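A.B. asks: Chains A and B, in that order, are what the protein sequence lines are.
Residues in the first sequence are numbered from 1032 upward in steps of one, following our numbering.
Residues in the second sequence are numbered from 1032 upward in steps of one, following our numbering.
These are computed hints drawn from the structure, not numbers from a lab.
Hints may be right or wrong, so weigh each one.
Identical chains share a label here; the pair holds if one copy fits it or two copies do between them.
Taking lysine to aspartate or glutamate pairs in the EDC-like style, the calculated list, with each CA pair at most 16 Å apart, reads [what the hints assert, rightly or not]:
1) LYS1583 <-> ASP1351
2) LYS1512 <-> ASP1593
3) LYS1512 <-> ASP1333
4) LYS1069 <-> GLU1084
5) LYS1355 <-> GLU1308
6) LYS1069 <-> ASP1053
7) LYS1355 <-> GLU1635
Values in this document were obtained by computation on a predicted structure and should not be read as measured data.
Protein chains: 2
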Amino acid sequence: MGINYFNRDVRDLKFVLFEYLDMDKLLTYEAFQDFDRKDFSMIIDEGLKVCREVLGPAMQDGDREGCSYAEGRVTVPAPFYECWKVMTENGWIGTSNNPEFGGQGLPAVVSGILGELFTGANFAFMTYPGLAVGNGRLIENFGTDEDRALFVEKMYTGRWGGTMCLTEPDAGSDVGWLLTKATPDPTSGDPRIYKIEGTKRFITCGEHDLTENIIHLVLARIEGAPLGTKGISLFIVPKIRVNPDGSLGEQNDVFCGGIEHKMGIHGSSTCTLNFGENENCLGILLGEPDSGMAKMFQMMNDARIGCGVQALGLTASAYDTARKYARERVQGPLFSNRNGGRVPIIQHEDVRRMLMNLKSGTEAIRAMIGKLMYYLDVAQNESDEAKREEIALRTELLTPLVKAYSSDFGYLLIRDAIQIMGGVGFCSEFPVEQYARDMKIISIWEGTSYIQSLDLVGRKLGMKGGSIFRNWIQEIVAFTKALQDDADFGSDAKLLYKASRATGDFTMKFLQYFQEGRLSLIPLISTRFLECFAETAMAHFMLEQGLIARKKLSGVDAESADGLFYRGKIETVRFFCRNILPNVFARHIIMEQEDTSAMDIPEEVL
Amino acid sequence: MGINYFNRDVRDLKFVLFEYLDMDKLLTYEAFQDFDRKDFSMIIDEGLKVCREVLGPAMQDGDREGCSYAEGRVTVPAPFYECWKVMTENGWIGTSNNPEFGGQGLPAVVSGILGELFTGANFAFMTYPGLAVGNGRLIENFGTDEDRALFVEKMYTGRWGGTMCLTEPDAGSDVGWLLTKATPDPTSGDPRIYKIEGTKRFITCGEHDLTENIIHLVLARIEGAPLGTKGISLFIVPKIRVNPDGSLGEQNDVFCGGIEHKMGIHGSSTCTLNFGENENCLGILLGEPDSGMAKMFQMMNDARIGCGVQALGLTASAYDTARKYARERVQGPLFSNRNGGRVPIIQHEDVRRMLMNLKSGTEAIRAMIGKLMYYLDVAQNESDEAKREEIALRTELLTPLVKAYSSDFGYLLIRDAIQIMGGVGFCSEFPVEQYARDMKIISIWEGTSYIQSLDLVGRKLGMKGGSIFRNWIQEIVAFTKALQDDADFGSDAKLLYKASRATGDFTMKFLQYFQEGRLSLIPLISTRFLECFAETAMAHFMLEQGLIARKKLSGVDAESADGLFYRGKIETVRFFCRNILPNVFARHIIMEQEDTSAMDIPEEVL
């Protein structure tokens, strides 16, 4: 049994859930009739316990042992079997999924908070249940009754694993160029059965021995289909074929050709999968032919939000580790009190600055993800159709921010956690260096940060004639105007006002560049725009939280646990607005330069 | 034999050496009479060959095999023995050191360029020769004739290794609190011989089997000495005692208690060393009692500049790897030409942006380090005393920038290299993920980035009544004023003008905070100030290079190799000014907030 370093303080998670978001509204929805606040709180506490006792202690050993490969089989790290057992036996796999198929039916926002805990305790392990559930949801949504009956419950309860097979050796971000092909199999007597042939690469959890079967969802082109993403179909390809009664049949022609050695997530297998090497790989068409990309995008969309949750989990865990260490590690006096004695380094000015970076960054990301998850629940359950649609579109606008910003900023924040711990942070006894290594993949998979920025600029900004984005910015502007003379947050509101104007300005420029045909300026600046929008949105959420904290503080003893929490929240909001939000202004100046040197430089010398 | 991924294009290194810096001036100095330009160029080409054929192929295997420990002994990765042999036999160890003791007597700036190549090819390996040489230099400068005769040549030629023993389990950044003690040893009959007792931690290259002996330089407190850094002495403590005739004597009482497992530099041993467990560890006092910190600072100062070189080496290698990959990897069309075909990703706008980040960041760091190294040579050799002193003080001002900025910014740039390569960048086949892991230590050891910022603000800004810094900023201001109507660089000069004013503004604020007793505002912002100063200084260097490139371009065919290089340089200068320099303005806004939330937050909830 390994050492557990996971020790999340869930106070802020509960603040988001019960004090920031309108939980009462969620509880009025039919789908959540069986729950109350106490249930959610208890579930979080139980999840925390699993993290401390089961997932956390397996994290470092999972990294050190890693996955091993031999003759087509992958063995996961030894402690992962016990993790899988506990998670499946206690219903922690499909937490927000349809109870009809063995899910727990929790609101997405509660499931998201559990996800922060679980991935913060053991990210590599959590890739296995994460893919099983995502995969099951796609089959639930687009499969036939028979598909649902055969697969979904087994995936929501973790009896079978799952994968998303998109990437090929020559088609990464450029998935439309995939070469895997599907041919109708007339011998099967079922027009939905195809023979699959091709190679997929970088398939997370593509092969492992945690479950008796793995259900691959494979993108392939039916012979004769149009080129590009419009000709791609989606297939259910089980590792072991499934008989009509649900029992396991014979081995399918799917072979794991090897696993990757990686910077991090050593416990999560990253596989090359060969389908149909012996011309005997059968897959079931999911939905209509040529509709695969759109379907996969549903899973991808969930996965992108999941990436934000993963990034949050790791960042928050790095913060927890660094703050605990900073309390215990004693070094010299403060800069501002050179003649004082030795003190725990949590008193050192620069350590406090870095801890506040971590704390405010973590809480702002959590606020953003909490908001998005909450919107998902509203969009799913709200009776007013117009309201439902507007909120659904907000979730779409927020998704690329959650995916890209959380993973990129989280990587920087974990760097601060290492720095706080000094040489100890670089060593492997404490897991902060592992958090850094594990984190890096999140800004790459499920669409790189750049792909997210194109999704934002190319697809999301223009939704409803741009009104979804515009209304949002105007909401922030109105919020800041009302707050600008506030004694506690006035200067922060003014900064946010300027930031929201600067962020809005990017979109005007994008329009202009489109009209003038100066197209390359858009992708050159789009990641920067995404970051500006994310920081602006997060500063707004943080200020909303600050107002709540101030109000609640007036009703409690300032030295009580709650009093300290609210005081901490107020300072954290200020820190975010005064130390992170101003980065918007640098990016805005960068945008104003309209620099094309990256395109103008001769390719030979780039 | 491993795979070599090291493939530096040395064109920019030679530009810095022969076109940017005033090499003719260096060649007038007595110390460099035996060299000419051609020699330096040849030496660099030879060094490059060693990197490609010897150091580079050992890099990944060094990481994968790592160091191993058993019963006090450390074994280095197998391919490192051949590296050591080649490096020592060909005089690559003490490249800039005194020829009287086996050094090659090269200018520091040439040695620095070799250092970029060597550390870029195999950073972990280079820690061994780096410490041997640094250590030898300290003995050369402060030892007796006997010390010099016994130790220095053996270290400059790599026959023996060396270490700096500062850190202890309870004294890291706070070295003044070290507990290792030294007691006079009357039985030796030599008042310079002491018995040493204590434990040192995180000792790089503290034990290994590359050399027959290791000379530890150990900080310890002679019994009765004052507390703090003023009571620390420096001792030469050989692993194996050295007889007066230079032959090896008996084993000293120095025991390696274990090595650390780390995020990176797996091939470099990081040791716990126990001195005098059996009360039989003898050390030779180096220089006067209680003068150890000042002496160690000379080595530390060299080591800090060396950290910049290491960071440059890794960043440049990450850039090389990413650009090569981007030329070969084919994916979908450009954003600005959606109907075009598939292209190598080096044509993709966002990939170009990231490559330019890497290119301009690398070249700017190289310019800064080149300048510092060149100043070192001038300060060492200039006949005019006033000039010599001024230049020496400039090197002191630049040192914390080179140490902290290069390592912190380099870590971010390597992140871009990973991102360019996508999933492949996260995997271990290519070494970019290793560069990221190896890099992280550089912002920690030899004084963290925060310690560098305090060195800058607390010691260096005030040199000569602040005139060294002030003159520098005024030089930049004058430079930008002269350039502001320039057709090519006018807008960049204007940005730099504003940036230099903003940077100067920080120092006014620091004075004010000192006077008003608002001391904590200084350490809360000092790292940000360091970054502003570094970017301002680098933008200045880059614009100087841009002017040279433009002038030279007018004399060559624009499509020739030189023509392409100069055109590339001009675009790179622009990119730096327009995409990196503007970060100064965000930090300036952050400074203006005078935010104390990190100090105001109750410690319980931080």
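A.B. asks: Does each hint hold? Answer for all of them.
C.D. replies: Do the hints match the structure? See the list:
no. : hint                : verdict
1   : LYS1583 <-> ASP1351 : neither (25 Å within a copy, 55 Å between copies)
2   : LYS1512 <-> ASP1593 : neither (29 Å within a copy, 56 Å between copies)
3   : LYS1512 <-> ASP1333 : neither (35 Å within a copy, 53 Å between copies)
4   : LYS1069 <-> GLU1084 : neither (22 Å within a copy, 66 Å between copies)
5   : LYS1355 <-> GLU1308 : neither (52 Å within a copy, 32 Å between copies)
6   : LYS1069 <-> ASP1053 : within (15 Å within a copy, 74 Å between copies)
7   : LYS1355 <-> GLU1635 : between (50 Å within a copy, 11 Å between copies)
Checked against the numbered hints given earlier, this structure breaks hints 1, 2, 3, 4, 5; the rest are met.
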